[in-house]
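Chemist: Chains as they are written, first to last, in numbering that gives the first Met the number 0: chain A, 0 to 338; chain B, 0 to 338; chain C, 0 to 338; chain D, 0 to 338.
No incorrect hints appear here.
Chain copies aren't distinguished; within one or between two, either way the pair holds.
Cut-off 20 Å, straight-line C-alpha distance, at most; resulting in silico cross-link-like pairs (EDC-like, lysine to aspartate or glutamate):
no.	residue 1	residue 2
1	50	37
2	4	33
3	50	224
4	45	182
5	191	216
6	4	125
No wet-lab data here; the hints were simulated from the structure. Remember, it's a predicted structure, so these values are computed and weren't measured experimentally.
4 protein chains.
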Amino acid sequence: MRYFKSDNTAAVSAEIIQAITEANVGNALAYGADRWSDSLDAVYGKFFGTKVRVFAVSSGTAANALALATLCPPWGTVLTHNEAHIERDECGAPEFFTGGAKLSLVSGQGAKIAAADLAARLEWFDPHVHSVQPRMLSITQATERGALYTPQEVAALSKIAHDRGMAVHMDGARFANALVAQDVTPAELTWKAGVDVLSFGVIKNGGMNAEAVVFFDPARVADFEFRRKRAGQLFCKGRYAAVQLLAYLESGIWRRNAEWANRLASRIAAAAPALLSEPFATNQVFMQLGDARIAELSKEFAFYAWGPAGSGEARFVCSWDTPEEDVDALCAALGRIAS
Amino acid sequence: MRYFKSDNTAAVSAEIIQAITEANVGNALAYGADRWSDSLDAVYGKFFGTKVRVFAVSSGTAANALALATLCPPWGTVLTHNEAHIERDECGAPEFFTGGAKLSLVSGQGAKIAAADLAARLEWFDPHVHSVQPRMLSITQATERGALYTPQEVAALSKIAHDRGMAVHMDGARFANALVAQDVTPAELTWKAGVDVLSFGVIKNGGMNAEAVVFFDPARVADFEFRRKRAGQLFCKGRYAAVQLLAYLESGIWRRNAEWANRLASRIAAAAPALLSEPFATNQVFMQLGDARIAELSKEFAFYAWGPAGSGEARFVCSWDTPEEDVDALCAALGRIAS
Amino acid sequence: MRYFKSDNTAAVSAEIIQAITEANVGNALAYGADRWSDSLDAVYGKFFGTKVRVFAVSSGTAANALALATLCPPWGTVLTHNEAHIERDECGAPEFFTGGAKLSLVSGQGAKIAAADLAARLEWFDPHVHSVQPRMLSITQATERGALYTPQEVAALSKIAHDRGMAVHMDGARFANALVAQDVTPAELTWKAGVDVLSFGVIKNGGMNAEAVVFFDPARVADFEFRRKRAGQLFCKGRYAAVQLLAYLESGIWRRNAEWANRLASRIAAAAPALLSEPFATNQVFMQLGDARIAELSKEFAFYAWGPAGSGEARFVCSWDTPEEDVDALCAALGRIAS
Amino acid sequence: MRYFKSDNTAAVSAEIIQAITEANVGNALAYGADRWSDSLDAVYGKFFGTKVRVFAVSSGTAANALALATLCPPWGTVLTHNEAHIERDECGAPEFFTGGAKLSLVSGQGAKIAAADLAARLEWFDPHVHSVQPRMLSITQATERGALYTPQEVAALSKIAHDRGMAVHMDGARFANALVAQDVTPAELTWKAGVDVLSFGVIKNGGMNAEAVVFFDPARVADFEFRRKRAGQLFCKGRYAAVQLLAYLESGIWRRNAEWANRLASRIAAAAPALLSEPFATNQVFMQLGDARIAELSKEFAFYAWGPAGSGEARFVCSWDTPEEDVDALCAALGRIAS
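Extracted from the complex, chain A is given alone in its bound form (with noise of 0.2 Å):
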């Protein structure tokens, strides 16, 4: 069976394996204590451009959570994409983590938030107390349906946001493709365009079990490691997470990994142009198959059915891993398809 189900079946890079081994001599303080972890905030600033504040998770749930939490309060509410991973994936962390903030959702094509959306949304919240209080917006970079917001896109949200008062999240469970995707910057893509806050994934590209929480105003920090702790999301033998984040970084990975998965499900996109449901941008390619061609495909692919029951709709996702032949196969198969 080849995969494309998602990029967290994938396995750990060797550079993350290395690292992790490379780290694995004498002793060590805990909770973070460690030279590893003491370097996260350099190794990050100096990747964005900025001074930062990095702290290591397990998941991005965890992540995403942990951040909403700490600028969100309990009578507060998260502007988001009814289709965000913090909407329909996280079994209701970020409720949990706030003390029961609410998420109040936006529609939107390619799961992305339009600025008129967003601001039209805004209109239903009044100041007094009956209200939730808009606090936050979170939106995924790249989108849960691979699309990509630019630069100037994150800064028209950001300011919509500001101007009310609210702080701004980014998702970026997969920032690496969105940011190999296109020319820019990793400062243009977030703080520089109003973020404030990003969750950097690193386990679906090629990471093991750390997600990074970046803060780009030290000043909000607030009390995000007392949260943390409290998740039990501080590890004990802290050093084998900051690991996995430097090397992330350090190596290059981000990169080649984002890449290597991008171009794979471009050849895929390109295979069945007519039948993309959603224009092609990342690692993520849907496309409008129907159940049938479904059905026959999943005897030799593992992939999703995207969509309530019925939809037709599949996902194929590529991940840092994907053998270039099981994409041949793939193209092959939708190029059959499609004629």
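Model the placement of chains B, C and D on the given structure of chain A, informed by the hints.
Modeler: Below, chains B, C and D alone, put in the same frame as chain A:
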């Protein structure tokens, strides 16, 4: 200024004041161990024609949130209308009381949920751990836009919910208005149609500061009493809440007050039927007036412009103590506008 | 049966009933936008001789829990006595409202916290993320065993708390009893001694169902109002709570009722001074009677055996409406026992 | 510097690294649907000699808090020792995960709870709604002061708990150390003695970043999996956690590592038996040295001064990779001190 803002600007019915005064003699055991509190189950059981458990709380928000928290786990979600009071006007109380459960929204004309729309919305939820699990349906009777659910409509929604293992909550802030507007019994509109727990509104319809939470299946009360205490909603001088709930039914004001409010509202609706933006049904009247006419009417009448700024819609609510002459004046003004 | 169980079995003072009745005329804007609610800050500010913010809630538990939640983060802890009402009698309301903050307990005679014991308990907490952080001190005035804190004692505790960055909460369920028992002003017993927020009890001392939360620093009210709404403690017919708080001060019953209760209790204490298990101070009398004498007295008098089963201690509480003749009878019975 | 600070400063056993490396081949379904995760129940069931359900999480704090949240409702309380890790070192994680349940503390020598003290503490709780309800007992094996519960002691405590309707949790952060220190089976120390759920520590004893939560009654797993996901503790690349848990048992390092640590610690204890402030039992050694000798030893050895400032007590912990020569050096130094 003549008031049509809401039925919660009304005073308290004389029967309620009298019941409080009569109970204000001598000692009574605290925290609901008094003879008035003891008789609640029997009096409400008789009203509904079945065995019930009834609890007093101090607000509709508390009634709704405690009912939901009792039957929906933190990792659950409550299906409800996107204009529901629990979504729009309780500052996240359901999320707070449930420990972070979610509200999942359904739209529909008149703030009503259609059975087909409920079924379609439920399609989005998978039974796996990534998704919150649908565990409750909450409908409002009469709705936030004055509409009614017939017993048949309630039963159809309840069937969908029960088939999915969900409990059914009815927000009956204006339950009496809904009841007298239809020729049905309290039983037919609730437990016979599948309602598991009812927030039975007393305050808007003549009460002072006590609402009733009515469980139709005593086995499902579960930990309600611990949750109520823990929420600061168990009153030490419990008799003063209990007598309000008792007098509301026993004096007949539930019916008399609701009939008065509905009748006056029907006069308003009849004064300018072409302007109605919702079909008239209970004690709320929605009209599309335009901002200019709203501004003009606001000189003499207190009422709410409804919806987002600039929508041009107005809401007029009649209460148990709305003076007939205020309605005369409003009808005359609307007549002038409509002509 | 003559009642000495608690001051919460008492009826409501006529002045409170009268104020409710007088306010029960015509329309008033809902949710605290009425003229009675509007005047609370001024009336309580005058009483305390400083600028305050005052909010009505429906129970002492709600008052305490909302006050704590406003000033203590979820990762904080509230230092309090191990017999405090917030620890023993609120079913975890502080933990619920704060989002899971902790109570850290200090013991001490008479349910009082000694300054040295507070300081010693604080030694246990480290400033690192592994430990919850001490953020509040909560003391009860008069205490759960009827004892008093002098202004000097309150000030000494407050200094320790403030030096550590903690806020000071006073649970004043029987604040009036504490005030009239000492020749001090409301200011001296609260903000001048460092209290930041007071749960000012009204219900036990003649009220019906409204307590006051008094913030002495308006800047620290923070998100109280959102939290109150979200807790179902913002009343739609707000005038009926506000007039209770106003009448309580303006009619002078706060003093008259407390003096009555304290005086009657002093007679009980004087009837058998050798049996006192706590020094007498306010309206509660604790006596070591032994189980046999408790059983005998229970035939004529309703009161609580205190503490764990078999402790042999009894508590007698006088309220504003305890009849003098009931005290005559109890004193006579105690006289027989003591002789 | 020679390290005796804690067993969490240790590196990861080669067997764990090897297992991770071997599993790092090809695709595996995400979120625990891999073959390694699938085999956890069987492997742990064999170890414990009964049917179990096992779940991986990323920290001991997460293991404890999720176990407690699954079996203790928000209005419940967990009886535990006042020096327990869940009380002192998890920044309120149990309160967070349970939705605001309480910890109720029992004291006792060696951080152990005596059956009589548990029974006495339970006397304080009434079954009424004013009190949180005792729903769990949590004991630590080995304790935070290195002591052991025998199977008979566990059984006695469990009986008290079960008779009261409480579940029993064992915090086994150092369970392997406790097991090898007694001539008993895993079964005898857990489910046969009444333990319902065990936090089975792997990290301190050679693991990297995975702990096991072991339920001995599959029927009580209840909503654990939803809670784990919602807490960000369900790992997308689940195999890397699962293989750690598998290798820990299957390679035998659970025993070998614990025996090593315990043996070295026994040498430290034997070097200055007169200075022991706790009877020696596992891999932790507590000594009363006085501040001056603590300062002197700190020049060569890294260890914790224990308890409040000035207590003069020191804790030395041996881990699976503590070098024998470091113990030689410490023993020599202690010998000089003691003589």
